[in-house]
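A.B. asks: Using the sequences and the hints given, assemble the complete structure.
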Amino acid sequence: MNEVLPAGTVRHAFRFEGDAREYFGIWIVNLFLTMITLGLYSPWAKVRKKRYFYGNTWVAGANFDYHGDPVSILKGRLLAFAAFAAYTVVSEFYPRAAYGVLLAAIAASPWLIQRTLRFNAVNSSYRNLRFHFHGGLRDAAVAVWPLALWPILGLLLGADGDVPRTAWHWFALIVPGLAFAASYPRVVGALKRYSVGNAAFGDARFGIDLPYSEMYVIYIAAGIAAFLGLFAIGAVVGLVAIGSPKIGVGLFWLAYLGGIAAFLAYTRSRVANVVFGGTRMAGGVRFVSTLAAGKLAKIYFVNLLAVACTFGLAVPWAVVRTAHYRAEQLALESDGDLDDVLAAIARPVSAAGDQLGEMFDVDLSL
Amino acid sequence: MNGFDADYFDGRSSRCHPVRATVEGTRLTVAGGELALEFGRDEVRVLPTVGHTPIRMALPDGGLLVASDAAAVDESLGIPAQAGLARRLESHSRAIVFALAGVVAGGWAVYLYAIPAMADRVARSIPAASEAALGPDTLAAVDAVLFTPSKLAPEVSAPIAEDFRGLVASAGLPPSTRLEFRESKVLGPNAVALPGGIVIVTDSLVGLVERRELAAVLAHELGHVHERHGARALLRGSLRALVSAAVMGDLGALASLAGSTPAWLLQASYSRDFEDEADAFALDLLRRAGRSPSDFAAALRRLGKAREIDPDSDTHSYWSTHPGLAERIRRAEEAR
Ligand SMILES: [Zn+2]
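So the sequences go chain by chain: A and B.
Numbering-wise, the numbering used here comes out as the position in the first sequence, counting from 1, plus 1270.
Numbering-wise, the numbering used here comes out as the position in the second sequence, counting from 1, plus 49.
Bear in mind the hints are in silico, worked out from the structure with no lab data behind them.
These numbers come from a predicted model, not from an experiment.
For each residue, glycine too, the CB sits at the ideal point set by N, CA and C.
Any given hint could be a false lead.
[Claimed, not checked] Pairs of lysine to any residue, SDA-like flavour, derived with a Cα cap of 25 angstroms:
hint, chain 1, residue 1, chain 2, residue 2
1, B, K234, A, L1521
2, A, K1345, A, L1303
3, A, K1319, A, L1534
4, A, K1565, A, G1477
5, A, K1319, B, D56
6, B, K234, A, F1323
7, B, K234, A, L1509
8, B, K354, B, S320
9, B, K234, A, A1505
10, B, K200, B, S253
11, B, K200, B, R214
12, B, K354, B, F330
13, A, K1319, B, R289
14, B, K200, A, G1508
15, A, K1319, B, L291
16, A, K1319, B, K234
17, A, K1568, A, F1323
18, B, K234, A, G1520
19, A, K1345, A, W1314
20, A, K1565, A, E1603
21, A, K1319, B, G155
22, A, K1319, B, A119
[Claimed, not checked] Examples of chain B residues lying across from chain A (beta carbon under 7 angstroms, computed):
hint, residue
23, G60
24, S63
25, R64
26, V95
27, V99
28, L113
29, L134
30, L138
31, A148
32, L149
[Said to hold, decoys possible] Reference listing, derived: stretches of chain A covered by chain B, where coverage requires no fewer than 3 residues with Cβ under 8 angstroms from a Cβ of chain B:
hint, stretch
33, 1287–1297
34, 1372–1384
35, 1390–1399
36, 1606–1614
C.D. replies: Quick look at the structure:
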């Protein structure tokens, strides 16, 4: 059924044209090359895969393109690998120091987030115009600072990795965790505001209207559902397991997968719908995202089963079918011809203003 | 005269211009609507393509030509080999089959050999004190899911604890190695060694076997402790999750998470090589402690029989479902 749009409103649905069989070839060849080069090829593989997904994503008669430089990505990955190795070693031998390392990572995160968002924006294009990112370090820090509450409180209260035995132990363990849980929806919302609100297509800035209350509604609902779901699963599986432990274990595993799929699908679809729904561009260009949590949960559940049963070989099939659904449920809307509107609002940014003088590009997204 | 249809984007606005590109001699003309441009054919750069995405051509004026008909572009401009090498490999069926075989073989080797070897190296570098610190955490975790308190009377458990201390001393293990009594509906007659040197024995096992045989089972568990199988298995698991996450991304991490759920913990058994190591250690320890290795054979036989009587009840007892039970019994009997 076609939705009736107001007169003059033009809607362009996104479309993903990738094909699972074709992507399997790309994926396996790149995985093989990554394997025999002991991971050094992985940035090139990443660029190939990104270009496949960008190039196959179409809206309003044109597709996207990705221009990331594999060498920049390699540098970022080596940095991340070194940091992770340091963290593993430190937390293995000095469990108490883990909070300190976590703090250091959080202190560096505004810089990492800003660089990654800028790298991805500048290296994405549509209709031969690059995207840009104007977010500053200060705003990134303002968005993520509540995450630091967790390790700071943990250090202050003297929590360690041991199993809590006294009331104070419990307190020291629970309070930082609660602070983290309470600030998490706000941090997710703030990061979405930061990443969308500072993005631009050419020189046309995106704007976003995203109340934090919406984020809290989503995560509180998801939290309550997960809690009740755990109880229900526990009760049913427990009853079955009394009859037959074998079936009980199998059922538990399926329920566990289903739970993960449902939780991820619900939070991701709701957040995507709210974020896209609140995103605006000059000239009245807007997004409509209509992801259904149930449909997405079914897709995730089947994906997880397929990937687990094929030892990972079904990954290409799984990501392609997810991309199909996500693209199908996203659309651009404008008042009047989109080509005219976009042409009127977006101009290229002169190179001097942005990338030049950039010594060290970082992309830390996996 | 060759040509192809394309979309032209000038790079100064997002406007899409449908055009016809024509190659004549050394010139490329781009024409459509009010647009009429001309470039040197050598100035046009065909960009690398992935899969069946359209061909992109960078023009010297900063513009971009996008054409879906790859054959027509190749015929008129010639797609340079370097723009298509990766793509040809990725779409060549023999290359794909070769890569698939390589990945499966490589993945198999990494999973079976590289990861265990790496995990064992890391495990050896962990100080015993750090591993001992893991013990109480793990005990609390398994207590929550698997166990209920033991109902054994002290006069039953005390002699067993005494045997255990004797074995620990004979094995030269640290005195922090300790025995815990529990009951478990799920595990049935069973004994478990946790990382950090905690051995758990269930009431049903105490009820099933003789005191001498129980000591032999404890010796086997002490083998797991001595060879640090708990920490090694833990490290193998997390390394596997890490590697599959790195290789497959989001989905791989989730799938391997699914593979490491408490559901698997319920059936968790050490790998065959760990069991063999623990068996060999137990037989040796029994001899050193002045006991008989045949006690171990007797314990295995009794556990095997318990399964025959009630095949469904102890599906999760790795003691009895372990493949090669007969082989283990034979080895225990031959070790004199
Ligand atoms: Zn064992």
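A.B. asks: Each hint should be assessed against the structure and marked as holding or not.
C.D. replies: Hint-by-hint comparison with the structure:
1. K234(B) / L1521(A): holds (18 angstroms)
2. K1345(A) / L1303(A): Cα-Cα ~19 angstroms, so holds.
3. K1319(A) / L1534(A): Holds, at roughly 23 angstroms.
4. K1565(A) / G1477(A): Roughly 29 angstroms separates the two Cα atoms, so the pair is violated.
5. K1319(A) / D56(B): Roughly 24 angstroms separates the two Cα atoms, so the pair holds.
6. K234(B) / F1323(A): Distance of about 50 angstroms is beyond 25 angstroms: violated.
7. K234(B) / L1509(A): holds (13 angstroms)
8. K354(B) / S320(B): Within the cut-off at roughly 23 angstroms; holds.
9. K234(B) / A1505(A): Measuring from Cα to Cα gives roughly 16 angstroms; hence the hint holds.
10. K200(B) / S253(B): Distance ~10 angstroms between K200(B) and S253(B) Cα, so the pair holds.
11. K200(B) / R214(B): With a Cα-Cα distance of about 21 angstroms, the restraint between K200(B) and R214(B) holds, given a limit of 25 angstroms.
12. K354(B) / F330(B): Holds, at roughly 24 angstroms.
13. K1319(A) / R289(B): Holds, at roughly 23 angstroms.
14. K200(B) / G1508(A): Judged against 25 angstroms, a Cα distance of about 23 angstroms means the pair holds.
15. K1319(A) / L291(B): holds (21 angstroms)
16. K1319(A) / K234(B): Given pair K1319(A), K234(B) is violated - Cα atoms ~49 angstroms apart, limit 25 angstroms.
17. K1568(A) / F1323(A): Measuring from Cα to Cα gives roughly 22 angstroms; hence the hint holds.
18. K234(B) / G1520(A): holds (17 angstroms)
19. K1345(A) / W1314(A): It holds: about 12 angstroms lies between the C-alpha atoms, which stays within 25 angstroms.
20. K1565(A) / E1603(A): holds (23 angstroms)
21. K1319(A) / G155(B): holds (21 angstroms)
22. K1319(A) / A119(B): Judged against 25 angstroms, a Cα distance of about 20 angstroms means the pair holds.
23. G60: Because about 5 angstroms separates G60(B) from the closest Cβ in chain A, which is inside the 7 angstroms limit, the hint holds.
24. S63: holds (4 angstroms)
25. R64: It holds, given that the least Cβ distance between R64(B) and chain A is near 4 angstroms, below 7 angstroms.
26. V95: violated (14 angstroms)
27. V99: Hint on V99(B): holds, closest Cβ of chain A at ~4 angstroms, below 7 angstroms.
28. L113: holds (4 angstroms)
29. L134: violated (11 angstroms)
30. L138: Holds. Min distance 5 angstroms.
31. A148: For A148(B), the interface hint holds, since the closest Cβ of chain A sits about 4 angstroms away, which is under 7 angstroms.
32. L149: Where the cut-off is 7 angstroms and the nearest Cβ of chain A is about 5 angstroms from L149(B), the hint holds.
33. 1287–1297: It holds: at least three residues are needed, and the stretch 1287–1297 of chain A offers 8 whose Cβ sits within less than 8 angstroms of chain B.
34. 1372–1384: With 0 residues closer than 8 angstroms to chain B, the stretch 1372–1384 of chain A misses the three-residue bar; violated.
35. 1390–1399: holds (count 4)
36. 1606–1614: Check passed, 3 qualifying residues.
When the structure is compared with the earlier hints, violations turn up for hints 4, 6, 16, 26, 29 and 34 and for no others.
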